[in-house]
Structure formats: structure tokens, C-alpha cells
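As a plain string of letters, each chain reads:
Protein chains: 2
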Amino acid sequence: MCGTCNGDTAGSAAAPTTTRPESASTSNGAYPARGKPKSSPYQSVQDYISNVNNFKIIESTLREGEQFANAFFDTETKIKIARAIDNFGCDYIELTSPVSSPQSYEDCKTICGLGLKAKILTHVRCNMEDAKKAVECGVSGVDLVIGTSSFLREYSHGKSMELIQKTALEVIEYLQSTGVEIRFSSEDSFRSDLVDILALYKAVDKAGVHRVSYMANSNPGVVGCDIELHCHDDTGCAVANAHSGLEAGATHIDTSVLGIGERNGITPLGAFMARMVVTAPDYVTKKYNLKALKALEELVADAVQINIPFNNPITGFCAFTHKAGIHAKAILANPSTYEIIDPSLFGLTRYVSINSRITGWNAVKSRVEQLGLKMTDEQIKEVTAKIKQMADIRPLAIDDTDSIIRSYHLDLQQ
Amino acid sequence: MCGTCNGDTAGSAAAPTTTRPESASTSNGAYPARGKPKSSPYQSVQDYISNVNNFKIIESTLREGEQFANAFFDTETKIKIARAIDNFGCDYIELTSPVSSPQSYEDCKTICGLGLKAKILTHVRCNMEDAKKAVECGVSGVDLVIGTSSFLREYSHGKSMELIQKTALEVIEYLQSTGVEIRFSSEDSFRSDLVDILALYKAVDKAGVHRVSYMANSNPGVVGCDIELHCHDDTGCAVANAHSGLEAGATHIDTSVLGIGERNGITPLGAFMARMVVTAPDYVTKKYNLKALKALEELVADAVQINIPFNNPITGFCAFTHKAGIHAKAILANPSTYEIIDPSLFGLTRYVSINSRITGWNAVKSRVEQLGLKMTDEQIKEVTAKIKQMADIRPLAIDDTDSIIRSYHLDLQQ
Numbered sequence: 051m052c053g054t055c056n057g058d059t060a061g062s063a064a065a066p067t068t069t070r071p072e073s074a075s076t077s078n079g080a081y082p083a084r085g086k087p088k089s090s091p092y093q094s095v096q097d098y099i100s101n102v103n104n105f106k107i108i109e110s111t112l113r114e115g116e117q118f119a120n121a122f123f124d125t126e127t128k129i130k131i132a133r134a135i136d137n138f139g140c141d142y143i144e145l146t147s148p149v150s151s152p153q154s155y156e157d158c159k160t161i162c163g164l165g166l167k168a169k170i171l172t173h174v175r176c177n178m179e180d181a182k183k184a185v186e187c188g189v190s191g192v193d194l195v196i197g198t199s200s201f202l203r204e205y206s207h208g209k210s211m212e213l214i215q216k217t218a219l220e221v222i223e224y225l226q227s228t229g230v231e232i233r234f235s236s237e238d239s240f241r242s243d244l245v246d247i248l249a250l251y252k253a254v255d256k257a258g259v260h261r262v263s264y265m266a267n268s269n270p271g272v273v274g275c276d277i278e279l280h281c282h283d284d285t286g287c288a289v290a291n292a293h294s295g296l297e298a299g300a301t302h303i304d305t306s307v308l309g310i311g312e313r314n315g316i317t318p319l320g321a322f323m324a325r326m327v328v329t330a331p332d333y334v335t336k337k338y339n340l341k342a343l344k345a346l347e348e349l350v351a352d353a354v355q356i357n358i359p360f361n362n363p364i365t366g367f368c369a370f371t372h373k374a375g376i377h378a379k380a381i382l383a384n385p386s387t388y389e390i391i392d393p394s395l396f397g398l399t400r401y402v403s404i405n406s407r408i409t410g411w412n413a414v415k416s417r418v419e420q421l422g423l424k425m426t427d428e429q430i431k432e433v434t435a436k437i438k439q440m441a442d443i444r445p446l447a448i449d450d451t452d453s454i455i456r457s458y459h460l461d462l463q464q
Numbered sequence: 051m052c053g054t055c056n057g058d059t060a061g062s063a064a065a066p067t068t069t070r071p072e073s074a075s076t077s078n079g080a081y082p083a084r085g086k087p088k089s090s091p092y093q094s095v096q097d098y099i100s101n102v103n104n105f106k107i108i109e110s111t112l113r114e115g116e117q118f119a120n121a122f123f124d125t126e127t128k129i130k131i132a133r134a135i136d137n138f139g140c141d142y143i144e145l146t147s148p149v150s151s152p153q154s155y156e157d158c159k160t161i162c163g164l165g166l167k168a169k170i171l172t173h174v175r176c177n178m179e180d181a182k183k184a185v186e187c188g189v190s191g192v193d194l195v196i197g198t199s200s201f202l203r204e205y206s207h208g209k210s211m212e213l214i215q216k217t218a219l220e221v222i223e224y225l226q227s228t229g230v231e232i233r234f235s236s237e238d239s240f241r242s243d244l245v246d247i248l249a250l251y252k253a254v255d256k257a258g259v260h261r262v263s264y265m266a267n268s269n270p271g272v273v274g275c276d277i278e279l280h281c282h283d284d285t286g287c288a289v290a291n292a293h294s295g296l297e298a299g300a301t302h303i304d305t306s307v308l309g310i311g312e313r314n315g316i317t318p319l320g321a322f323m324a325r326m327v328v329t330a331p332d333y334v335t336k337k338y339n340l341k342a343l344k345a346l347e348e349l350v351a352d353a354v355q356i357n358i359p360f361n362n363p364i365t366g367f368c369a370f371t372h373k374a375g376i377h378a379k380a381i382l383a384n385p386s387t388y389e390i391i392d393p394s395l396f397g398l399t400r401y402v403s404i405n406s407r408i409t410g411w412n413a414v415k416s417r418v419e420q421l422g423l424k425m426t427d428e429q430i431k432e433v434t435a436k437i438k439q440m441a442d443i444r445p446l447a448i449d450d451t452d453s454i455i456r457s458y459h460l461d462l463q464q
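Chains as they are written, first to last, in my numbering: chain D, 51 to 464; chain X, 51 to 464.
Chain D extracted, bound-state conformation (with noise of 0.2 Å):
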């Protein structure tokens, strides 16, 4: 669903690299399994070609995150964030062209200089001399990208689907002569003539390249390689995006930290945890680190000086808030019933809010109790009343509602 991008969410795809999805017999306390069923009615061929339970994170937030508005990541910067992202756990971490400025090429050999375990990628035009650029930087792939779409082979580099494919065979020959990941990659692909673009993906992939980022639902057998996915996130669906990719057969999804990239960003990791979490919950809570998240997070929003959207899934100030008085009761008794991930998994914990009009006399129960008050429900009913009333009129926080609850259990004792 997003244009200007790969990412499209119909269909099955190449690619089979794929083991079956793992039996969703895992638990994780209170949290049921919401892998599905053996008999689910849901399950279908897709299944077969799923990657959901086995993909690999290309994390960019130092390639397409540097292309954010407000981003400039000085050395130390770039340094400490691709430290955090690989004690994340992320497989590997793409970097900006080596050819975009003199800094970013020093950077590029600085980082892949630092010993970490994900795998360092740098991203370059496909040409020659950008390729040697890379190799020359040490990295240990080199993702190639050109736009094959007829308004980007129009209005960005003028080159003819013949060129393209004459350049890129060239250039896949002098990498693989020193023996770097190579990655093929097209832009704008949705809007590609289906039948050149095949062909130019059946050629690369002959040719060798280890990944390619595209994908369709008619190309099944295309080729044989790995598939990348790279979601940007104009019109909200990113994540979903990513998700129906692995489904359909894509191996590797491109995230940067908090999304930022250009224009609105691109797949935000800690949102795709968030899917993840819930879809995969073995394989992501034994690879990644999750409880390392916020800190992540508030490390590039520092960086580039933003707040964590309110509404960020997970880390957002409100995710694990609960407040109508009917969510609060079943939280209270059981938090998987309005909780789609355990908070703790990330180190975090749920708050319910009992401070305004649509609480409920449950929730405040549990807060007499956690005050260590003792009052019967008929009482608990009454004050949960008073503190709806104050609520009608002004906003309350937490010493407040307490007050309230405080001041009719003296009244009671009197």
C-alpha cells in the first residue's frame, strides 16, 4: 500500500529460503499463544511461505534515518547509535553513501571498524564508482538501488531499462570480485512496467546477488535469492506493510528507530516489535532486546531533537494506560483481556487511570486497596460516584482522586 516504495501486501512472493512457521505453543504468563490454531479457518497456502517466524531487521536509521528533516548525526553520534542498534540485536545496520560527502565516507570506515556483531551496509547509487566507494570503506554489503518506474527513469536519471540492466550486471561482476552481501534494488517499483521489471530481477538474481527488495504477488519463481522490504510510512501502514510482506515470503525489513526517515519515515522498529512481539513471540523475545527499546528510542529522539509520539506503540507515555471503568475491571482481573503485549516484556509497566468521569467502581477498589483502606463495594460504589462528580467539573490527577477516597473513608470512621 505504499506508493512511492516497496511494500504492497497482496499475494505470495519468491524466495523459498523460508522454514515453516514455529507451532504457536509458546506462553508468556498470562499472555495466551495468538500464533493460530492447527484448525483455524484462517490458515491457508501463505502459511507455507511465511517468514514471520524468521526474519531479519536491516536497521537504517543512519542511512534512511539521516535523510530525516531534522537529522545530522555527527561521528559520536552515529557511533553510539549503531552501538545501541547492535546491542538491540538487529542483524544489520545500513549507513548513508560513502559518496554523499567526506564525512559520511569516513564515518562509513569508522563504523565498519568498530567490531560490532550486526553486519555493516552501506547504500549507493549502482555504478561503479559508488560501488568501489563502498568496498574501499570495508563494509560487508553493499545495497544497490535504482529507480526503474518510467517517472523515475523520466525525472531522476534518464537511463533506459536496457542501461539499468547492462550497469547492474557490471557492478554486481566488480562486487562479487570482492566478495561483499550484494543487495539489488528498485524503486518506485509499484509503478514499474511488471514484465521489465521482472526480467531485470530474474537477470540480477542469475547473476548472484545474495537479496533483492521488491515485491509482488506475480512473481513466485522469479528468483531465488533472499527478498528485503524497505515500507515508507505516508499514509499510516508501514508496519502492516512489513508484516503481510514476511507473510508473503520477504526474508529482511528495513526499520529505522522511531520511523524517521524521509518525509514521515519509514517502518518504525519499535512499532514492528510491537507487531512482532504478538505474531512471533518466541523468536523476537530470545533475539532481540527488547527491554533496550526506550532507551534506543529516547537516544535518536535526542539526536534529533523530537518528543516519542504520544501514540508511539509500546514506548508512547500512555500505551499501558488503562481509564473507562469497564477496561479497568477486566485488566484488573486478567491484563491479557485489553492487553495485546505484557508491558514487561519491554521492561515497562500498565498504569489504570481512576481519575475522571468514565472510571469505574472496580478500579477504584483496587485503588483502596492498594491504598490499604477497607471500605464494602456499597461504599466503593459511593465514593467511585463522588470522585465522577469532581471529575465532571475539572481535570483530576492521582493526589486528588486519592484525596477524595482518603476523605470519605475518614468520614466513615466518624
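In case anyone wonders, no lab produced these hints; they're calculated from the structure.
Bear in mind that the values here come from a model prediction, so they are computed numbers and not experimental data.
Any given hint could turn out to be false.
Since the list gives no way to pick out one identical chain from another, each pair is judged satisfied if it fits inside one copy or across any two copies.
[Unchecked claim] Here are the simulated lysine-lysine pairs, DSSO-like style, with alpha carbons at most 30 Å apart:
1. Lys169 / Lys252
2. Lys216 / Lys431
3. Lys344 / Lys252
4. Lys106 / Lys344
5. Lys337 / Lys169
6. Lys130 / Lys344
7. Lys130 / Lys341
8. Lys182 / Lys344
Given the coordinates of chain D, work out where chain X should sit on it, guided by the hints.
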């Protein structure tokens, strides 16, 4: 994909109140139609039940939004928000249950009396007492809700499916006698027993409700009434789920301004508009007052004391900012190369940033022309290198870049 409320992406649904999607022959200035061409390999039987060109919005900022942690709406604010939502063109405005508090009751009556074009709904528990209070307030429609999963039946209300159905049918019969629109909804539908829930929906449909709020790929033919979707955004998939729901036959989508609601909220009105203006440009641009979106979002952000998220679709501060050289070049030649949405539809403008090391000489050339200076392409490439050098050292603002350009130009005259 939303675990706790409705909104699966899967499959087809009932409710063939649907017309065929309009053909994708619309044109928006430089923006070509993005709809499916007639010969699209993506076309399927689902296109025939799709409502992407024919949906209605139930705007729930004054109900779901009041469940947002920061929300306290006094009467005056509620009226302002209701009028702004009405002015935007939403079909329905949903209000907090009048049973929640005395002021909620009064406010519901007040808003019903404003004479808005939008129909006023309120969302109440499925029992006779709540239904009667709703009717007293003068609403056009009543949204009934009850939890049906074993989780909610055990931990929330403790009722059996038989008792749920018996109560529902009594309440529906009463509401029919008053002439209001009736919606019946189960909560946590995806964790409910499929047979139980289909039987319940069949029964309420037969009893004559206008709308149900439930979606699954195994209920075609079960109900003949309209279908509403309420998608929470815990894993960042609410917009995509709403879109997929429409494709599968849903007719009504719940939104709130900026997505405010319980936890991190529901489908945001603005992001949903971003998605739908691409899918159904004719329908959306004719029906909704898109230029009023920014003011509506600012009104609500101010009322609940939050910042508009930096990455908000459409109104985020950089949603139409282009920075990398390769993007800027194409955008300057033809905006639709990297913009899925025309900002002018929302009364906004694009911005091409040249103040970074990843800028390119085509973007700088455009700025040189804006400044009224004359330079050859070679000279522009040289000044671009100077800008990149400086941007390697520190963050640049637009006046810094302009100074570099002007001073280089001055040197040329010497």
C-alpha cells in the same frame, strides 16, 4: 491484526450493501490515478464487495477519545470539537455513554440539540437501563457493546452467551420501538468462539439491527446489515486494518482525531484520510473537507495537551519535506515521483531541504534559481560540494546555505 478489538485483515465478509469500486480514471493535477487498472493482475473477487469507494466514518473523539489518558473535555470543548468534526464531513459523531456521569448525560443532550449534519450516536453497555438513558438524550443512534470472548465473559461481566443473546434481543426490541439506529457490537471478537459469535450476530441481524461491529473471513452470508470496524493501534496497524476491512466488505470505520483513545488509541482520522485519498481520490476529495484537517487536529491536540507526532501522516512537520539529493532532483521535476499525496489537497505545501550533506546539485540549482542568481551547472556542482563540506561539520539552516551560495556567487563576480 488488532488483538483486542475488531479489525483483522483477512478475507471477505458479508454485507453486500456494496457498489462496485469506481474506475480509477480520476486525475489530481500531476498525480496520476493510483487505482487498479482494468487489467491489473491484482484484481480479485474481493473487489466486488469492497467499500473503499463508499465508506462512512464514525468519529469517536468524543467517546473513544475521552478514554485517552490526557482527555478531559468540558462542555464548551466538546461542542467545539463536535462542530469541527461536523464541518470536516464525518457521517457520525459518537459520544461517551450518558450513564458515565451526570455531566456526560447533559453534554449528550446538548450535542444532540446542536442541529449538526452528522448523526449523533452514543456507545452504551448492552442493557435496558443504559439504552433508555441514551434514548432520553435524543441521539440518532445507539451503539450497543458487550464482550463475548471467554476472557471478557470470565473477567468482565460474567454472563453466558445465552444470557448475552437474550438481553441483546430485549434491548434491540426496545430501541426499535423508539426509531433510533441500532448497532450491536461484541468486544474481543477474535478471541470469541466462532460458532457462538456467528450465532449471536445472525440473531441480532435477524432482529433488525442496522449495523454490527465484527469482521471475519468466515461469516459471508451471516449478516445482511452494515458492518462497522473499530481498530486499536497497539501494534501500529489500525489504518491498514481499517483499509483491509473496507476491502472485505466493511461499510463504517471508527476513527478519532489523532487516534486518541484507550492506551495508544485507534485509527487516526488524518492517517485514515491519507490512506483513503490515495485509494479513493474522487470519493474522499468530494466528501471530506480535507483543508480543515490541520485545524481540527490542532484543536484536539490543544484540548488534550499533546504535540502532533513528528511522523503524523499529512500534518507531521516534515510529511512533505524532501532531503536526499536523489529524491529532491526527481521531486523538483515531478512531485509524484516521491509523493503519494498531493499536499495542496490538504492546503499544505512541500519543502525541498538543501541544508545537509546528502543534498544534491539539482536541489541546489533550484534554490539558486529561487534566489535569482545565475550560475552554470559546473558552478552549481562546485557550490554543492561546499555546502556538503560545511554540512559535514555542523547542522545548517536555510540561511546558512543561502549564505554559502551568495558568497560563492559573489566570488564569481570578482
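If the cutoff is 30 Å on CA atoms, where do Lys337 and Lys169 land: within, between, both or neither? Let me know, please.
-> Classified as within; 16 Å inside a copy, 49 Å across copies.
From the Cα coordinates, with 30 Å as the cut-off, is the pair Lys106 and Lys344 best called within, between, both, or neither?
-> Only inside one copy: Lys106 and Lys344 sit 20 Å apart there, 37 Å across copies, limit 30 Å.
At 30 Å max between alpha carbons, let me know whether Lys344 reaches Lys252 within a copy, between copies, both or neither.
-> Neither way: Lys344 and Lys252 sit 41 Å apart in one copy and 45 Å across, limit 30 Å.
Should Lys169 paired with Lys252 be assigned to within, between, both, or neither, using CA atoms and 30 Å as the limit?
-> This pair counts as within: shortest intra-copy Cα distance 26 Å, inter-copy 55 Å.
Quick one: Lys130 to Lys344, C-alpha cut-off 30 Å, is that within a copy, between copies, both, or neither?
-> within (15 Å within a copy, 36 Å between copies)
Intra- versus inter-subunit Cα pairing at 30 Å for Lys216 with Lys431 = between (77 Å within a copy, 27 Å between copies)
At 30 Å max between alpha carbons, let me know whether Lys182 reaches Lys344 within a copy, between copies, both or neither.
-> For Lys182 and Lys344, the Cα distance exceeds 30 Å both inside one copy (37 Å) and across copies (46 Å).
Intra/inter-copy verdict for Lys130 and Lys341 if alpha-carbon distance must be at most 30 Å = Within one copy, since 17 Å is at most 30 Å while 41 Å is not.
Of the numbered hints listed earlier, those contradicted by the structure are 3, 8.
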